[in-house]
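Asks: Residues per chain, in single letters:
There are 4 protein chains.
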Amino acid sequence: MKTYLKDLVEINGTKKSRRFAYFIQFLIIFSVITFSIETLPDLKPQTRVVLKAIEAFSVIIFTFEYLARIYVADSKPKFVFSFFGIVDFLAILPFYLSFGIDLRSLRLLRMFRLFRLFKLVRYNKAMHHFANAMKLAKEQIILFMIITLMLIYFAAVGIYYFENEAQPEHFSSIFSSLWWSIVTLTTVGYGDVYPITVGGRIFTFFILMIGLGIVAIPTGIISSSLTKAVEPHDDEKEDKLK
Amino acid sequence: MKTYLKDLVEINGTKKSRRFAYFIQFLIIFSVITFSIETLPDLKPQTRVVLKAIEAFSVIIFTFEYLARIYVADSKPKFVFSFFGIVDFLAILPFYLSFGIDLRSLRLLRMFRLFRLFKLVRYNKAMHHFANAMKLAKEQIILFMIITLMLIYFAAVGIYYFENEAQPEHFSSIFSSLWWSIVTLTTVGYGDVYPITVGGRIFTFFILMIGLGIVAIPTGIISSSLTKAVEPHDDEKEDKLK
Amino acid sequence: MKTYLKDLVEINGTKKSRRFAYFIQFLIIFSVITFSIETLPDLKPQTRVVLKAIEAFSVIIFTFEYLARIYVADSKPKFVFSFFGIVDFLAILPFYLSFGIDLRSLRLLRMFRLFRLFKLVRYNKAMHHFANAMKLAKEQIILFMIITLMLIYFAAVGIYYFENEAQPEHFSSIFSSLWWSIVTLTTVGYGDVYPITVGGRIFTFFILMIGLGIVAIPTGIISSSLTKAVEPHDDEKEDKLK
Amino acid sequence: MKTYLKDLVEINGTKKSRRFAYFIQFLIIFSVITFSIETLPDLKPQTRVVLKAIEAFSVIIFTFEYLARIYVADSKPKFVFSFFGIVDFLAILPFYLSFGIDLRSLRLLRMFRLFRLFKLVRYNKAMHHFANAMKLAKEQIILFMIITLMLIYFAAVGIYYFENEAQPEHFSSIFSSLWWSIVTLTTVGYGDVYPITVGGRIFTFFILMIGLGIVAIPTGIISSSLTKAVEPHDDEKEDKLK
Chain A
1 MKTYLKDLVE INGTKKSRRF AYFIQFLIIF SVITFSIETL PDLKPQTRVV
51 LKAIEAFSVI IFTFEYLARI YVADSKPKFV FSFFGIVDFL AILPFYLSFG
101 IDLRSLRLLR MFRLFRLFKL VRYNKAMHHF ANAMKLAKEQ IILFMIITLM
151 LIYFAAVGIY YFENEAQPEH FSSIFSSLWW SIVTLTTVGY GDVYPITVGG
201 RIFTFFILMI GLGIVAIPTG IISSSLTKAV EPHDDEKEDK LK
Chain B
1 MKTYLKDLVE INGTKKSRRF AYFIQFLIIF SVITFSIETL PDLKPQTRVV
51 LKAIEAFSVI IFTFEYLARI YVADSKPKFV FSFFGIVDFL AILPFYLSFG
101 IDLRSLRLLR MFRLFRLFKL VRYNKAMHHF ANAMKLAKEQ IILFMIITLM
151 LIYFAAVGIY YFENEAQPEH FSSIFSSLWW SIVTLTTVGY GDVYPITVGG
201 RIFTFFILMI GLGIVAIPTG IISSSLTKAV EPHDDEKEDK LK
Chain C
1 MKTYLKDLVE INGTKKSRRF AYFIQFLIIF SVITFSIETL PDLKPQTRVV
51 LKAIEAFSVI IFTFEYLARI YVADSKPKFV FSFFGIVDFL AILPFYLSFG
101 IDLRSLRLLR MFRLFRLFKL VRYNKAMHHF ANAMKLAKEQ IILFMIITLM
151 LIYFAAVGIY YFENEAQPEH FSSIFSSLWW SIVTLTTVGY GDVYPITVGG
201 RIFTFFILMI GLGIVAIPTG IISSSLTKAV EPHDDEKEDK LK
Chain D
1 MKTYLKDLVE INGTKKSRRF AYFIQFLIIF SVITFSIETL PDLKPQTRVV
51 LKAIEAFSVI IFTFEYLARI YVADSKPKFV FSFFGIVDFL AILPFYLSFG
101 IDLRSLRLLR MFRLFRLFKL VRYNKAMHHF ANAMKLAKEQ IILFMIITLM
151 LIYFAAVGIY YFENEAQPEH FSSIFSSLWW SIVTLTTVGY GDVYPITVGG
201 RIFTFFILMI GLGIVAIPTG IISSSLTKAV EPHDDEKEDK LK
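Protein chains in written order, with full-length UniProt numbering: chain A, 1 to 242; chain B, 1 to 242; chain C, 1 to 242; chain D, 1 to 242.
Please note that the accuracy of each hint is not assured.
Remember, identical chains collapse to one label, so a pair may be satisfied in a single copy or spanning two.
Straight line, CA to CA, 27 angstroms or less: simulated DSSO-like cross-link-like pairs of lysine-lysine [claimed, not checked]:
(1) 15 <-> 138
(2) 138 <-> 76
(3) 135 <-> 16
(4) 125 <-> 138
(5) 44 <-> 78
(6) 44 <-> 76
(7) 2 <-> 135
(8) 44 <-> 138
These are calculated hints, taken from the structure and not from any lab test. Given the structure is predicted, the values throughout are model-derived calculations rather than measurements.
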């Protein structure tokens with residue numbers, strides 16, 4: 001029995017385990033879609049019942065999968081407190097909690113159901129690469145994140161002094177100016193807040209000229225380290241050539 | 001006769017085939033422009049007649065070209081079901097269908113006329129490079145497209161929880177929140193929807209910091225593989241040097 | 001006399017020619033600033049007189065410089081029809097034309113005064129690099145410009161079919177939809193036009209996912225070839241190492 | 001005594017100096033946060049008193065630190081006029097000035113308190129890298145900044161001629177058109193000003209096609225030189241391999 005389950009839930013080349021993996025992945029995506037549909041306003045009561053039933057079904061499967069993984073684990077506590085152990089637990093938690101607590105008041109708890117998406121990581125090669133790349137470039141990302149944060153803060157203070165008097169409703173404090181500096185330095189530019197004074201506009205020009213290059217660095221680091229993480233075969237090729 | 005047509009429609013160095021190619025390319029661009037003019041509102045009836053005539057003329061030429069290509073093909077079924085065979089067919093289809101069906105009700109079918117643009121690929125070196133580059137980086141693009149989709153979805157769910165109560169008209173469900181997360185993570189930022197709650201804005205900040213780097217990856221991969229595909233002579237040079 | 005002028009206007013290491021170059025550069029920037037001030041509404045008549053005087057003064061100097069350059073040129077017709085010869089001529093032309101024709105009706109002609117900015121190129125190292133880089137990558141840029149144009153056109157046709165009925169005022173024809181596709185694919189996103197139908201939004205999503213990478217290519221090529229053009233010393237270093 | 005202070009304020013490996021560094025860094029961030037809170041409107045008088053007290057406390061510490069640094073410096077004038085000497089001085093100046101002058105009228109002076117953020121640079125590795133990278137690429141950045149400025153100016157003049165008549169309130173002069181060209185070429189696109197004439201839109205298209213690549217260059221140079229500055233160990237590895 002234990003060997004059968006081990007073969008089923010563990011990622012190895014057997015046909016059985018691959019089918020099980022595809023089934024779980026399908027169920028994750030399916031339950032995420034039903035989760036999205038649930039948020040639609042003006043749903044019919046029948047639809048709600050169907051969605052509830054689908055939710056109950058998938059939670060039962062996920063619970064079985066979770067228990068099976070604990071059962072077959074070499075070290076049970078190690079699995080329970082591992083990344084995937086916690087993700088598996090959080091993915092089913094909100095459903096069981098909903099019997100005890102009224103979740104309508106605890107809306108954020110329902111969002112925990114989204115942790116199911118992280119369950120996909122177990123099977124997803126791309127996500128593994130992503131995790132590796134993040135580890136690789138962790139130090140650099142943190143260093144430049146600090147510079148980016150300082151720049152965003154500096155931009156917010158500057159624009160506050162230039163625009164506060166002209167637009168007290170939009171630039172009421174440095175905290176509300178931070179919203180402007182985030183939206184501007186990422187070049188999203190919604191257009192809900194923008195400088196109208198000459199000083200503020202000249203300041204925006206300088207901040208944009210300096211800032212765009214700096215804000216682009218952490219994202220550039222992630223991109224390049226991801227590209228590295230995804231192309232390990234290149235080095236292998238070179239090794240063979242040598 | 002067959003040899004004459006073969007010389008004409010096949011891409012080889014002869015003067016005759018080059019002239020034919022330029023003529024077809026001109027006709028493609030010309031018919032695409034008339035297609036655009038047709039969409040202008042308040043066109044005079046005389047203009048419509050002229051446009052119809054031009055359309056009829058170009059379809060006749062394209063039909064002749066299509067039939068000639070089938071006639072000269074070594075394997076007729078192979079050409080008909082090849083990429084360019086299908087493109088050539090779809091480029092003339094809407095015109096002949098318009099006699100049978102009322103195209104005003106089947107507006108999307110008229111869009112098939114745009115397939116003529118793909119006919120340009122046959123002659124266009126840049127598009128060949130593009131197709132090669134896409135093949136080269138196919139696997140990577142798919143892997144990171146999945147991550148991008150997950151991130152966009154995750155952003156939509158997050159903003160839904162933060163903004164749904166404050167702006168039920170813009171963030172009515174996860175599906176409508178998806179529009180926000182696409183527009184924001186691509187930094188287009190139309191400004192039709194944006195967070196107004198403090199929680200939503202802080203969430204936007206984190207999503208932008210993480211997201212910009214990730215969304216940029218698939219586009220970065222396309223760019224770099226395209227640049228590779230367009231510079232094969234560099235390797236040749238190196239080979240010569242060695 | 002000719003030797004003196006040659007020494008003055010030609011770019012060589014002498015102190016005299018350097019001083020003359022700085023003076024001309026200063027005059028170019030100064031006359032461009034006065035040109036900008038002239039466009040300010042509600043200028044006092046006195047200010048207008050002063051600006052006119054400055055303009056007349058700089059044109060006289062530029063005319064002297066132009067004539068001196070012709071005088072000292074080894075081959076006069078070659079200089080007159082060279083890039084800088086034409087630029088020098090166009091920079092002074094609007095002033096002399098303004099005596100004959102009423103420039104208020106020929107507003108575009110006044111813009112020719114801006115050609116003075118191109119005179120800066122003669123002295124500006126950065127602009128020389130830029131010109132070289134453009135020549136280097138000319139073929140690639142043209143190839144991908146074609147793809148970019150096709151994509152922008154394709155996006156415009158698509159959005160026209162999705163949004164024309166819902167927003168006939170913004171997407172009245174393919175030509176007006178082109179404005180949307182330019183603003184969206186460059187991620188500027190003014191927010192004056194944006195899709196509101198579900199189909200149009202899904203189409204926007206796909207176009208953005210595909211398009212951002214492609215639109216970035218020509219700009220990427222310019223950037224990289226400019227970086228190459230500005231770093232020739234790297235190769236020299238390598239040569240020395242070898 | 002001097003030895004004790006030297007050990008404390010200088011950055012060396014000792015436990016004492018590390019603790020002092022963390023304390024100063026914490027105080028900088030803490031005083032920056034209180035500075036932000038002070039800008040909030042509708043603050044209670046008690047809160048203001050608390051904030052004033054915190055401000056006084058941190059200034060006293062920073063003053064002690066500044067005097068200690070002067071005391072232990074090998075060459076006192078050299079420290080006072082060094083970058084960090086000036087930063088340390090400007091960080092405490094506004095507080096002492098506030099006794100003499102009414103700062104409400106000299107709002108900009110209060111902004112000098114932000115110089116405390118630069119005090120963080122002393123301890124921050126990332127900022128050191130940033131400063132080095134800027135020095136490395138200084139020449140290139142200046143060269144392309146000039147091109148960028150010329151392009152932004154050129155775009156402003158162009159749009160002024162196309163849009164001035166149609167939208168005299170937004171494009172009243174070249175100076176107000178500059179705001180449009182900055183916001184557009186950085187792709188921020190607030191949507192407060194945008195072309196509405198056909199000519200202006202076609203001009204925008206060409207400017208965007210040309211401009212995006214050029215505006216991206218200075219930012220690209222900063223990014224790449226920063227990446228270089230942060231990865232010196234790569235060269236070391238290569239050296240070892242050789």
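Asks: Hint numbers the structure violates, sorted upward?
Replies: Hints 2, 3, 5, 6, 7, 8 are the ones this structure does not satisfy, whereas the remaining hints hold.
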